[in-house]
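K.L.:
For the protein sequence lines, the chains are A and B, in the order given. Note that our numbering gives residue 288 to position 288 of the first sequence, counting from 1, and the numbers run on in steps of one. In short: position in the second sequence from 1, add 405, done, that's our numbering.
What the hints contain is simulated information worked out from the structure, not anything from laboratory work. All figures in this text were calculated on a predicted structure; none of them were measured in a lab. C-beta atoms are modelled at their ideal positions from N, C-alpha and C, and glycine is treated no differently. Check each hint, because a few of them may be wrong.
[Claimed, not checked] A short, non-exhaustive set of chain A residues, derived as facing chain B with CB atoms under 8 Å:
#: 1; residue: A88
#: 2; residue: G124
#: 3; residue: L309
#: 4; residue: T393
#: 5; residue: I398
#: 6; residue: S401
Listed below, chain by chain, are the residues.
There are 2 protein chains.
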Amino acid sequence: MSDINIVRDGTVTSPIGFSAGGIYAGIKTQGEGKLDIGLLYSDRPCDVAGTFTRNAVVSPSVTVTKSLVEGGGTIRGVIANSGCANCAVGEYGFKDAQEMAAIAAAKLGVQPDNVAVASTGVIGVELPMALIRDHVPQIILKEDGGDEFARAILTTDTHTKHIAVSFKIGGSTITIGGVSKGAGMIHPNMATMLAFLTTDAEIETMFMRQALRDVVNLTFNQIDIDGDQSTNDTVLLMANGAAGNAVISGGDEASETFREALLIVAQHLAKEIARDGEGARTLIEATVEGAESDADARKAARSIASSLLVKTAVYGRDPNWGRILMALGKSEIALEESKIRVFINDIQIVSEGKAIAYNVQSVVTALSQKDVRLRVSLEMGEGTGTAWGCDLTEEYVIFNSAYTT
Amino acid sequence: MSDINIVRDGTVTSPIGFSAGGIYAGIKTQGEGKLDIGLLYSDRPCDVAGTFTRNAVVSPSVTVTKSLVEGGGTIRGVIANSGCANCAVGEYGFKDAQEMAAIAAAKLGVQPDNVAVASTGVIGVELPMALIRDHVPQIILKEDGGDEFARAILTTDTHTKHIAVSFKIGGSTITIGGVSKGAGMIHPNMATMLAFLTTDAEIETMFMRQALRDVVNLTFNQIDIDGDQSTNDTVLLMANGAAGNAVISGGDEASETFREALLIVAQHLAKEIARDGEGARTLIEATVEGAESDADARKAARSIASSLLVKTAVYGRDPNWGRILMALGKSEIALEESKIRVFINDIQIVSEGKAIAYNVQSVVTALSQKDVRLRVSLEMGEGTGTAWGCDLTEEYVIFNSAYTT
Chain A
1 MSDINIVRDG TVTSPIGFSA GGIYAGIKTQ GEGKLDIGLL YSDRPCDVAG
51 TFTRNAVVSP SVTVTKSLVE GGGTIRGVIA NSGCANCAVG EYGFKDAQEM
101 AAIAAAKLGV QPDNVAVAST GVIGVELPMA LIRDHVPQII LKEDGGDEFA
151 RAILTTDTHT KHIAVSFKIG GSTITIGGVS KGAGMIHPNM ATMLAFLTTD
201 AEIETMFMRQ ALRDVVNLTF NQIDIDGDQS TNDTVLLMAN GAAGNAVISG
251 GDEASETFRE ALLIVAQHLA KEIARDGEGA RTLIEATVEG AESDADARKA
301 ARSIASSLLV KTAVYGRDPN WGRILMALGK SEIALEESKI RVFINDIQIV
351 SEGKAIAYNV QSVVTALSQK DVRLRVSLEM GEGTGTAWGC DLTEEYVIFN
401 SAYTT
Chain B
406 MSDINIVRDG TVTSPIGFSA GGIYAGIKTQ GEGKLDIGLL YSDRPCDVAG
456 TFTRNAVVSP SVTVTKSLVE GGGTIRGVIA NSGCANCAVG EYGFKDAQEM
506 AAIAAAKLGV QPDNVAVAST GVIGVELPMA LIRDHVPQII LKEDGGDEFA
556 RAILTTDTHT KHIAVSFKIG GSTITIGGVS KGAGMIHPNM ATMLAFLTTD
606 AEIETMFMRQ ALRDVVNLTF NQIDIDGDQS TNDTVLLMAN GAAGNAVISG
656 GDEASETFRE ALLIVAQHLA KEIARDGEGA RTLIEATVEG AESDADARKA
706 ARSIASSLLV KTAVYGRDPN WGRILMALGK SEIALEESKI RVFINDIQIV
756 SEGKAIAYNV QSVVTALSQK DVRLRVSLEM GEGTGTAWGC DLTEEYVIFN
806 SAYTT
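Bound conformation, chain A alone:
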C-alpha cells in the first residue's frame, strides 16, 4: 500500500481546485475573530456522498442537502452558517435553506442545486436572511481559506479542527482534506457535528458512498459527548477529480489506500470532536477486543466511552474497573465474565473478571494523561472496535445549565 502523508497545516482546501472563505455576519454574538458564515468552493463539479442525523426532528438545511446528495447530481460548493440551526421554525426553514443556497450560488456563478447547505446553532429561531444576503457576496474565496472556513462553523468548540493527507496512486498525487466542528452543546441549545471532506481524486460514485459509510461507522458514529443527537448532523465528502488519477472504483490496492486515507482524516476529526467536548479535559479511547463480531465490539466500546460513571471516574483519576465492567455488561453483547481482562493505558487491572494486583499510582498517573485508553479483552472471538468520548466535569453541567432564556 502507498505511503500516506500528513500534509503540513493541511485543511479542507489542500486538495487541488478547492478554495474557501468566511465572514462575520452577526448571526452569533460578536467576539474576537469570530466568523459565522463559511463558503467552500470547487473550481469544477464534485461528486458527493453524505450521511445525516437520524433525529426525527431535523433541520430543513439538512433536508435540502440530503435531497441534493440523494439526487445524485454534482455540487460546486457548500455554504454553512453557525449561530442558528434553522430548525423547528416551520415552513420558513425550507425557504430559507433554499434561499441560502441560491445566494451562495449567485456569488459562485453556479446553480442553486449545485450548493449544499449546513446550519448549526440555536433551535427555534429563523435564519436572519437579511444578514446572509448582505454578507455572502463579500466573502473572499482563497486557496488557503480552509482555516477561515473552519473558524466560520465553530460554535462552542475551543479550537478549529482540520487535517489533510496525501498519497500517490500511479503517477498522481491525491489529497484528502477535512474540517469538522464539535459535538459540544451550543449555548443554549444542542450542538451539531458537521464535517466536510474534500478530495481531488477521481472516484466512482458508488465506491465513494460505500467508503464514506464504512468510515463514518468507524469514526463519527463512534464518538459520544453526552448521548444526545443533534437535529443538524451532517458529513459530506466531495470529490472533484482534479488530481487526474485513474478512477478509483473499489476492489484494488488504490481503493484500499484511498479508504485508509479517508479513515485517517475522519478519525482525526472525530477524535478532535470528542477531545473538545464541553468542559472536557481528557480524551477517552475505549477499545474492545476479542468480541464475537466487530459490531459487538463497537457497541460495547460505545457503551464504555459514553457511560456517565466511566466519564466521571476518568475525570476523578479513579481506576474504577467496576464501572467499566458495568458499562460493558449493559451493552448486551455476548460475554463471559470469567474471561474479561481490562487495561488502562496498557496496564492490566482485571484478569478473569476480577481485580488483580497493580500499582495504583501508575494507573492514577495513566488516568492523568491527556489521552486515556481503556481496553477490554473478551476472548469470545476476533471482533474489535473503538469508540471515543471525553470525561464529564462540573464545567459541562455549569455550561449547560447556567443559561435562563
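Given the structure of chain A, go ahead and fit chain B onto it with the hints provided.
P.N.:
For chain B alone, kept in the frame of chain A given last:
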C-alpha cells in the same frame, strides 16, 4: 373499584404476618444511625415474583435469588446487605450468597432455599462473611421493623423510601407494603435499585407474576438517573395470603384493584428513587401523549427524562424546548414535527412544532418547583407513557469523581 387507602407510616411490614429488623455489622463505613444488614420475615410461606437486572455482569446474589424465584417455590424471608455488591469476585460470590441465605435461614428457623438474598455496594470486594455470621443472629425482628429494614438497604440515598396501601376485597382487608433504595451511585461504584414489595393477599402465582411485570414496566423501568444499569437490580413481590381473601387470579374487579394498588406502591417507590438521584434537586416527570402506541410513548418519555441536555436545562430553570424536541426526535418513534405540542407544568410553550408566545417568568417559576412536569402531545394516536428522572447538577459530577481508589 374499591377505594385504595394510603396506610399512615406504612412500610414493608404493614401487611399481616411480616416482620423485619436491621443491624450495623461494619460492611459499610460507620456513621450516625447506619445499618447494613436487613432481614425481612413472613410467619407463613410466600409466593414470590421477581424482576432482575439485564446487565450481563451480574452479582451472584441476584443469580441465587433469581433461581429461587424461577424455581417456583415459596419463600419465608429476604436478607439484604448494603456496602458490598458481591459482584465480580469469582466463584466465592456464589458460595457467599448461598451462605448468607443459610445464615438467615438458621436465624429464622427455615430452609436456606426459603430465603432470598440481595446485595448492594462496592463491586469487586468479597462479602465480609465473618461480620455477617456474627451479626445476623443478633437481628431483632419486629412487626414495626419496616423502617429499620429500609435503613439497612440504603447506600447513597438521602432518605428511606417506603409506603403501604390497603383496600377491601369482599370482607377482607388487603395491604401491600413496599420499600426501595435508590439508583444514586454508590461511592465508589455504581448503585443498585432494590425494591421489596409485600402483601398479605392470596394471589394466584401466574397473575402475580404478570401483574409485577406490567407494573415494573410502568414504574421501575421508566426511571433514569444516569443511563447506567447496575449489576444487582432486584424487585421482589411476596404474597403470604394472611388476609384470607378469595384468591386473586386475574380477569375480575378484585384483580384490577390489586393491580392498581400495586401500581400506586411501585410508582411511589420509583418516583422517590428518581427524586433522590445523586445531587438531584428536582424530580422530572416526562409524559408523552398521543403516540402511536403506549410503548412508543414510554420510549419517548424515557428519552426526554434521561437526556443530559434536558436534565441540565431543568437544573438551570431554562425553558429550553429545543432540547425537549431533540430528545423526542432521537427516540426514533413515529412523529410529525408540525403536530408537536409541549407543556411545562401545564403551560404550553410549543404549538405545531414551533415556540409560541408564553410568559417566560411563569415557566421559569414552574421549573423552580420540586416537581417539574414536561408533557408532549404528538397527535399520532392514543398511546401515553410517563418516565421519571432528575436534574443533573455539579454535585453529581463531584460525587462520582471525587474519589480516587
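K.L.:
Now look at each hint and say whether the structure bears it out.
P.N.:
Here's how the hints hold up against the structure:
{"no.": "1", "hint": "A88", "verdict": "holds (6 Å)"}
{"no.": "2", "hint": "G124", "verdict": "holds (5 Å)"}
{"no.": "3", "hint": "L309", "verdict": "holds (5 Å)"}
{"no.": "4", "hint": "T393", "verdict": "holds (6 Å)"}
{"no.": "5", "hint": "I398", "verdict": "holds (6 Å)"}
{"no.": "6", "hint": "S401", "verdict": "holds (3 Å)"}
In this structure, none of the earlier numbered hints is contradicted; all agree with it.
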